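Protein chains: 2
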Amino acid sequence: MAFRRISDSAVRRLSHYLRLLESFEAAGQRTISSDDLAARGGMTSAQVRKDLSHFGSFGKRGLGYPVPVLRARITEILGLDKRWNVCLVGAGKLGAALHQYGGFRRQGFDIVAIFDNDSTRIGRRWGDVRIDDVADLPAVVRARRVEMGVIVTPAEAAQEVADDLVRAGVEAILNFAPRKVDVPDEVILRDVNLAIELETLSFALTHKGRIPTTR
Amino acid sequence: MAFRRISDSAVRRLSHYLRLLESFEAAGQRTISSDDLAARGGMTSAQVRKDLSHFGSFGKRGLGYPVPVLRARITEILGLDKRWNVCLVGAGKLGAALHQYGGFRRQGFDIVAIFDNDSTRIGRRWGDVRIDDVADLPAVVRARRVEMGVIVTPAEAAQEVADDLVRAGVEAILNFAPRKVDVPDEVILRDVNLAIELETLSFALTHKGRIPTTR
DNA sequence: GACCGCTTGTGAAAACTATCACAAAAGCCC
DNA sequence: GGGCTTTTGTGATAGTTTTCACAAGCGGTC
Numbered sequence: 001m002a003f004r005r006i007s008d009s010a011v012r013r014l015s016h017y018l019r020l021l022e023s024f025e026a027a028g029q030r031t032i033s034s035d036d037l038a039a040r041g042g043m044t045s046a047q048v049r050k051d052l053s054h055f056g057s058f059g060k061r062g063l064g065y066p067v068p069v070l071r072a073r074i075t076e077i078l079g080l081d082k083r084w085n086v087c088l089v090g091a092g093k094l095g096a097a098l099h100q101y102g103g104f105r106r107q108g109f110d111i112v113a114i115f116d117n118d119s120t121r122i123g124r125r126w127g128d129v130r131i132d133d134v135a136d137l138p139a140v141v142r143a144r145r146v147e148m149g150v151i152v153t154p155a156e157a158a159q160e161v162a163d164d165l166v167r168a169g170v171e172a173i174l175n176f177a178p179r180k181v182d183v184p185d186e187v188i189l190r191d192v193n194l195a196i197e198l199e200t201l202s203f204a205l206t207h208k209g210r211i212p213t214t215r
Numbered sequence: 001m002a003f004r005r006i007s008d009s010a011v012r013r014l015s016h017y018l019r020l021l022e023s024f025e026a027a028g029q030r031t032i033s034s035d036d037l038a039a040r041g042g043m044t045s046a047q048v049r050k051d052l053s054h055f056g057s058f059g060k061r062g063l064g065y066p067v068p069v070l071r072a073r074i075t076e077i078l079g080l081d082k083r084w085n086v087c088l089v090g091a092g093k094l095g096a097a098l099h100q101y102g103g104f105r106r107q108g109f110d111i112v113a114i115f116d117n118d119s120t121r122i123g124r125r126w127g128d129v130r131i132d133d134v135a136d137l138p139a140v141v142r143a144r145r146v147e148m149g150v151i152v153t154p155a156e157a158a159q160e161v162a163d164d165l166v167r168a169g170v171e172a173i174l175n176f177a178p179r180k181v182d183v184p185d186e187v188i189l190r191d192v193n194l195a196i197e198l199e200t201l202s203f204a205l206t207h208k209g210r211i212p213t214t215r
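Protein sequences appear in the order of chains A and B. All letters in the first sequence, in the order written, are residues 1 to 215 by my numbering. All letters in the second sequence, in the order written, are residues 1 to 215 by my numbering.
Hints may be right or wrong, so weigh each one.
To be verified - Simulated crosslink set (EDC-like; lysine to aspartate or glutamate; CA at most 20 Å straight-line):
| # | chain 1 | residue 1 | chain 2 | residue 2 |
| --- | --- | --- | --- | --- |
| 1 | A | Lys-208 | B | Asp-191 |
| 2 | B | Lys-50 | B | Asp-35 |
| 3 | B | Lys-208 | A | Asp-8 |
| 4 | A | Lys-93 | B | Asp-110 |
| 5 | B | Lys-208 | A | Glu-186 |
Stated by the list, open to error - One-sided excerpt, in silico: chain A residues whose CB lies under 10 Å from chain B:
| # | residue |
| --- | --- |
| 6 | Phe-3 |
| 7 | Ala-168 |
| 8 | Leu-189 |
| 9 | Arg-190 |
| 10 | Ala-195 |
| 11 | Leu-205 |
If you're looking for bench data, these hints aren't it; they were derived computationally from the structure. In this text the structure is predicted, and so the values were computed from the model without any measurement. Think of the CB as a built atom: it goes at the ideal place given N, C-alpha and C, for glycine as much as any other residue.
Please work from the sequences and hints to get the whole structure.
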């Protein structure tokens, strides 16, 4: 069978569409045109149609897309029609913020384990999850069938934690530590660096996005 | 004068180079080749040279780039050779995580004001910054010459906060609330959506990045 | 059932980004 | 100073993503 690559930006837009569709559905809207969806999401209608067309054609010409069907289909495309077991490595402030953030649970991500290496934190509970010693990570990750790991440790610890996660069988890692971590090709890795976001703002304000040609 | 647009991804790579250069400099390394820099950063050497060449030529053929000079130049290019006054709107867990995150201060971002609408939080201090009532945002933002605002409120409040920030003269906004906010063209806006990051992981695990062609 | 207004789905074109590959330095050694 | 090695800077090339533009399909109306 032939396969097509879907670009990362297209996948991110799908997430975005999903959020919009959920709010349209909650408001009782039955159908939506690519034009309306685009207007609400700040993109173009051609982009919306192209993105959706990669996965089949579920719109009706003249009418638009049926909101509940499209919402369900994107949920499925994104793999959000199942629940994912996620662990948090690092029980600091950022870990706490992610833990209490309702958006994860709502979209199918269950935080089933939390690790730290600080004995004053180990043993505490966040909601109904106990903070475990990071030394027990391999055993706990296996026992709870953790599929994704989120690294919210200081930079120094990130690589070691990533190695442990991989050895324990985690398939995907979201890394918030500000350093590059290496993982085998078959493990999905995504980095989020909060400082970089502010730095791009600084660049934009400094240069208004353009710089003099050097020649 | 002719101007050139620098792509967003190139700017993000500059941030990345900067971080690497800082660690090379701390280690006492005097020069570095595009090849080494690329290897450490997980990109190609041609990419590194192309990115840098947009801003002039500071390498020496046969030798590489002088680490301190390049570090200083990228700092300047990113606009990090000055300090930026930043405010945090929302004194919840995510706000707390950003506040204590050392990377901001180190790169030149000073959190000079924090706002919330919860009376149990207003009046408290985080470090030496008092949490102010969001109703006072316009006055405080002006008084403290805040240039960038970070929105870490629930989704419902985001647009109103953005409007207030813009009216108070903030030039750039980093939005962590999971909804689209509208700002005038001249205000720089960047969104960070933590749920989307996990959703792209879910997509990748579900499909291994490719999907069957529909025709 | 023929026309009309609207909206999809999609090839083709345009715009943008990354990679290649190589001539032109620069340092070094004899 | 000539030859050798290394590495930059950059046109040319290849690849990817977005936008354009329009035929085809659908529902409604007369």
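Going straight from one Cα to the other, do A/Lys-93 and B/Asp-110 come out at no more than 20 Å? Cα-Cα ~19 Å, so holds.
Restraint satisfaction for A/Ala-195 [CB to CB of chain B, less than 10 Å]: Since chain B brings a Cβ to about 4 Å from A/Ala-195, closer than 10 Å, the hint holds.
Report holds or violated for the interface hint on A/Phe-3, using the least CB-CB distance to chain B and a cut-off of 10 Å. holds (4 Å)
Evaluation of the interface hint that places A/Arg-190 against chain B, nearest CB under 10 Å: It holds, given that the least Cβ distance between A/Arg-190 and chain B is near 6 Å, below 10 Å.
Interface restraint verdict for A/Leu-189 against chain B (beta-carbon cut-off 10 Å): Check passed: Cβ of A/Leu-189 comes within 9 Å of chain B, closer than 10 Å.
Does the alpha-carbon distance linking A/Lys-208 and B/Asp-191 stay inside the 20 Å limit? Roughly 18 Å separates the two Cα atoms, so the pair holds.
Taking the least C-beta to C-beta distance, is A/Ala-168 closer than 10 Å to chain B? violated (16 Å)
When the nearest CB of chain B is found for A/Leu-205, is that gap smaller than 10 Å? Nearest chain B Cβ about 5 Å off; hint holds.
Holds or violated: B/Lys-50 and B/Asp-35, Cα atoms, limit 20 Å. holds (12 Å)
With the threshold set at 20 Å, check whether the alpha-carbon distance from B/Lys-208 to A/Glu-186 stays at or below it. Holds: B/Lys-208 and A/Glu-186 sit about 9 Å apart, inside 20 Å.
Take a quick look at whether B/Lys-208 and A/Asp-8 sit within 20 Å of each other, Cα to Cα. The hint holds at about 12 Å.
Of the numbered hints given earlier, the model fails hint 7 alone.
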